[in-house]
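Listed below are the residues making up each chain.
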Amino acid sequence: MINIMKIGKNLKELMHKHGLNTMELSRKTGIGQPVIYRLATDETDNPKITTLLTLANFFGLTVNQLVGDRTFDKKVFSTNSGINIISWESTENWFKEKKLSNKKISDNVTNNENIYVLQIEDCSMEPLFVKDTLLFIDGSMTPSHKSYAVIKNRYEKKAIFRQVIIERATQYLVPLNLNANNSSVREFSRNDKYCGVLVQSRRIFV
Amino acid sequence: MHNSLPLFYYPTTILWIDDDPLFLETVKVSMHNLSEHQKFCTHENWENFFTDYRSPIASYIKLHAQKGEEDYSTITHSPVDFDITKIASLHNIQNKYNEITTIICDYNMPEINGLDILSQLTAFPYKKILLTGIMEDNNAIAAFNAKTINRFIRKENSNLINELKYYIKTLSREYFCDITAPILAHLEADHSMALSDQKFVKFFDQWCYKNKIKEFYLIDKYGSYLTIDDSKNAYYFVVNTEESLNEFTAVNSDNHDMNYILNQVSQRKKIPFFGYNKESWPIDMVSHEKYLYTPNIIEGRERYYWTAINIAL
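Protein sequence lines, in the order shown, are assigned to chains A and B.
So the first sequence is numbered by this note's numbering: it starts at 1 and just counts up by one.
So the second sequence is numbered by this note's numbering: it starts at 1001 and just counts up by one.
So here's chain B without its partners, still in its complex pose:
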């Protein structure tokens, strides 16, 4: 279980592997509300599926070696850079919903059982759920302890669909946490981010639930997100910290035309947000005031000042 937020999240695809066409048809209908994106394959063609499958976002989210830095040529340092704007650009990728995050596989299939299939996929980050019968419990427990699978559920369970929905949601989130954890660690190299603060995580999750947010993408180093709800309305969830606000006032301290703005920010009556990937200095100072927002406060590991801004995508 992760205690942090992923750098981005959006609805993804569930892959079902089962030999029973009737069961697949049933879950297809039952699960439609949770995920519009489902793929189905049988015990006979799952290998072909993984041979052909490529994550649609694989080339976007990675650290880049800073080959231009002089320390790059030394044997003890490896300078890297991460461009945060790459994350927000994901929302424009049309086929991103084809990303497979969770595999649900039946244990009992002819020729090969589900555990053997999932065992062959342990190197991949997909989350794996095994559907078992009564007799397979011990094998499933052993597989869970060995981290071959992430969950197992009895197929005869009367609450099967609801349990599956809950686990799929939880595991999809964990998938994004897993794949973005190295980048979060990189971003936190000089200062912890709100994303790893339990109280902030809890608040943000509640805010997303309340506002029916289905997708979110990190847009800056402080923990601000571009969020999109289930009606495709977009909001910037803007976060500032004491440090980020102090830096804003320090950087602009020699600009006396900004005294009013700096006062407002210093007193924490307003927080600045000049737009995604924008800073104050290229923007005409006359219009600076319209980029100030009244903040709300979250008391976590530190104090966070946040606001939500409705935008047109």
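Next comes chain A alone, as it looks inside the complex:
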């Protein structure tokens, strides 16, 4: 029998950990916001298994982990078999997308569960990062001055990869190749969201 006594606490903790509120979690999972709210506030004492499964899958957990005591003591991602490459459209949702992606690379770099991988599609960060370079991004990190970060603007479909330059209170997003199409320096705005920081890059030649 499943003990659901911890669902509210666990769900709140998971949402906090991933920087999600009930509305954002609803949008990402398709579960109604009132349903998530009631689960998070322990007002639902008999949730549907389909709801629990959807939430557990989204957070990369088992249902038992989601509703029980031992939610976060297991590594969410196994890196032994490699890390999945996700798309630039889904960086905000990298935690889930990483599990769903079937495009996988062998990983002997890190056992960090927060790592996800992107593959460069344009030349805006040349010459340092050429097209097809693999970027190992730590989704839990926030950028400091001169670090390379993934940024998702709420009005843009795809995330971008830029160097972050911090001058006093202003953060600038800088493409290394200003000659590339749509490449220009701009300020980090309130509609932007950091989706992680580059910890390693890798080029594939064959």
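Hints listed in this document are in silico derivations from the structure and should not be mistaken for laboratory results.
Just so you know, nobody snuck in bad clues.
Label pairs and their computed distance ranges (CB to CB):
hint, chain 1, residue 1, chain 2, residue 2, range
1, A, K12, B, P1182, 34 to 42 Å
2, A, T62, B, R1054, 49 to 57 Å
3, B, K1062, A, K12, 38 to 46 Å
4, B, P1079, A, R27, 27 to 35 Å
5, B, H1064, A, T62, 27 to 35 Å
6, A, D132, B, A1234, 50 to 58 Å
7, A, T62, B, T1074, 24 to 32 Å
8, A, E43, B, P1079, 14 to 22 Å
9, B, N1246, A, R27, 18 to 26 Å
10, B, D1284, A, K12, 21 to 29 Å
11, A, E121, B, A1234, 42 to 50 Å
12, A, R186, B, Y1072, 52 to 60 Å
For clarity, every value in this text was computed on a predicted model and none was experimentally measured.
In this text, a Cβ means the ideal position worked out from N, Cα and C, and glycines have one as well.
Starting from the structure of chain A, add chain B where the hints point.
Using the frame of chain A, we list chain B on its own:
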């Protein structure tokens, strides 16, 4: 007499049963303003009519067994569900106006009298009006007390047409109340709705009269309606309660980007309505403000916040 609103209402069909073609022709013209939909049959063919007649909405409005719920397999619980969107979808059904709500039957006919005909229809929810002569009063009173008929009117009455119009309107409304009462009871299982609050009912009726509303369809659990006037203009009559507004603010309380909206709703300066069968969360937050409306208040069993929104169907 019902003290609640039906879950939906629209103009329906009146069935006349009479052996006098001249009388039928007269009422056809006289009653045209009240109902464009009238059917006529005689004492000879009324049985065939009911053999062939099927309510055009019968399959839409019913509770559905929740067979997927585990308690369904027990012998002491019967989980059911009602999909409110089925009600609003009725406005798209073209032949719904063929729904018979009221039967008007003459008492004096050859071979079989009107009371005998209506007695054979007691199992059906149609409202029944018996047209009598002076001599049939006692039979009609007995039939009224036995609930075989809902009204009787003397055919010689000089005010016959006006009385008929009034009763037809009242009884059609009662018909819809009757057929939707079990579903209203189901919807009120966890909280009473505005639809069963006398003050709300009175206000809504006046609003419908003032705005020439001819059809209305429930669209949510709080008592909001899709309403359509006699020129086919459509409005959402949106209702919120303290409970529904508190729930809205509670559900969104962790979303700090909505602070302005939540403040407005908390102070009851605005009420949210994101559209028929829509909630806030799938809608881009940037546009949330345009879904806020300044409410009016009805003080009834509880406080109701309402607004009317003109829409294109």
